[in-house]
Amino acid sequence: MINIQPISNVIGVLLIMVSIMMFLCIPFGILDGFRDAEALMYSGFITLGVGLVSWLYKFKSSASINKREGYLIVALGWMFMSLASSLPYIFSEMNVSSIDSLFESISGLTTTGATIFSDIEGLPKTLLTWRSLTQWIGGMGIIVLTIAIFPLLGIGGIELFVAEAPGPTSDKIHPRIQETAKRLWLLYVGLTAFLFLLLMAFGMTGFDAINHALTTMATGGFSTKNDSVAYFTNPAIHYVLILFMFLAGTNYTVIYFGLKGKFKNVWSSEEFRVYLIFTLLLILVVGSILYAHSLYGFEESFRAAAFQIVSLMTTTGFITADYTTWGFGLTAIIFILLFIGGSAGSTSGGIKIIRHLVLFKNSLLEFKRLLHPRAIIRIKMNKKLVDGKIITHILVFLLLYILLFLFGTVTLCGLGIDFKTALGAAATSLGNVGPGIGEVGPVDNFGWFPGSVKFVLAFLMLLGRLEIFTILILFTPYFWKKA
1 MINIQPISNV IGVLLIMVSI MMFLCIPFGI LDGFRDAEAL MYSGFITLGV
51 GLVSWLYKFK SSASINKREG YLIVALGWMF MSLASSLPYI FSEMNVSSID
101 SLFESISGLT TTGATIFSDI EGLPKTLLTW RSLTQWIGGM GIIVLTIAIF
151 PLLGIGGIEL FVAEAPGPTS DKIHPRIQET AKRLWLLYVG LTAFLFLLLM
201 AFGMTGFDAI NHALTTMATG GFSTKNDSVA YFTNPAIHYV LILFMFLAGT
251 NYTVIYFGLK GKFKNVWSSE EFRVYLIFTL LLILVVGSIL YAHSLYGFEE
301 SFRAAAFQIV SLMTTTGFIT ADYTTWGFGL TAIIFILLFI GGSAGSTSGG
351 IKIIRHLVLF KNSLLEFKRL LHPRAIIRIK MNKKLVDGKI ITHILVFLLL
401 YILLFLFGTV TLCGLGIDFK TALGAAATSL GNVGPGIGEV GPVDNFGWFP
451 GSVKFVLAFL MLLGRLEIFT ILILFTPYFW KKA
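Note that full-length UniProt numbering gives residue 188 to position 188 of the sequence shown, counting from 1, and the numbers run on in steps of one.
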């Protein structure tokens, strides 16, 4: 039997937190001549009121959460947060429609970075800050933050962490789940603050620096400029963002060990080694091709290659160059990157490196099993045996991911979108990347799509951000049957 009370209580807490974030944006509106300050104020009070009612309704401090309720909280929590996050756009002076507002809010919270706005620089600073903050909220997952304060509510949070944490990793910084969530967020906040200071030091204004710091660590990609990061011509800014995008796409457990000086633990991670080596090799190949074709100078070739590769592979989505002009071969490579993703346990979306690694290892061992059918041959990761259930879970995930990509592409084509654009839009939405190919390339936006297409893409964004199973499990009869 599903217990409604803790679901209502936790969603209430999430909405209260979202309202607090809205109020934090109001000072930017005051500094910008009060543009849209009222929009955030109205939205904040509405969200706060709904959140308080949901939190206080028949609250019981002894309520517990099982797996069913955990999945419901994650799915419903993101849906309610998306609806609440759309309010500032609806009340804005920009007169954004309901479907466009919902699309922008889901794109923000899922850290996809696809936008319906064509003139970013014309938006009020209040709204720009809210766009960035939604990505920062969604980056690590506001639900993980809630887990850190669950002891105050008397509610256990392990089921929520399982449902929310991106990727199939089981690494723990600390054996207690609440302590893990706290340390993850301290690390997240600390890296964001450090990046803000660096961007300021290299010439960004305070407003641009805080917005880009928020969206970089979230691997989100919302920018304050129409030309994204290409607006900033200082190479130092590009290199700093490359480094921090790479870090944001790294398993936070690995980052934590690195900061603690436990470099042996860092290098012992197979996923991190593959992530690092694959990224460097790809930069070397693409950079060499760009230089060989005289598209850029030597340094700029490798900087452009590094920025676009790291940005797309970590699903950040910032751009400094229009990669669709690099030729069909390099564009094909870029398109493949939309399916890679960063590390498990990071803020990036996509399939994740570890799943590709397990698939690759299992495929190689399958040939060995064919030669030795009676032998028991197991996969190892980080010198530890991988449980058969995890392998099955990963294979099913990959199959569902491909089917959803095909479903999205076919659906978009059926709604009148050309095939190339449908491919790019479905891939970038499901992978939470932002830019794609076709008419959703790095210099395009999603505002021209009809409402039905935006709805489909928003659904794909949620599926991708919540690792597919969290949403699809709600549509199975097994979920609703009594245990």
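If you're looking for bench data, these hints aren't it; they were derived computationally from the structure. Computed from a prediction, not measured in an experiment: that's the story for all the values here. One thing to keep in mind: the hints can contain errors.
Claimed, not checked - Using 20 Å as the maximum straight-line C-alpha spacing, the simulated SDA-like pairs for lysine to any residue come out as follows:
{"hint": "1", "residue 1": "Lys67", "residue 2": "Thr325"}
{"hint": "2", "residue 1": "Lys481", "residue 2": "Phe469"}
{"hint": "3", "residue 1": "Lys420", "residue 2": "Thr325"}
{"hint": "4", "residue 1": "Lys225", "residue 2": "Asp208"}
Going down the list of hints, with the structure as the test:
Our distance criterion of 20 Å between C-alpha atoms is broken by Lys67 and Thr325, whose separation comes to about 48 Å. About 17 Å separates the Cα atoms of Lys481 and Phe469, which keeps this hinted pair within 20 Å; it holds. The straight-line distance between the Cα atoms of Lys420 and Thr325 is roughly 15 Å, inside the 20 Å bound, and the hint therefore holds. Our distance criterion of 20 Å between C-alpha atoms is met by Lys225 and Asp208, whose separation comes to about 9 Å.
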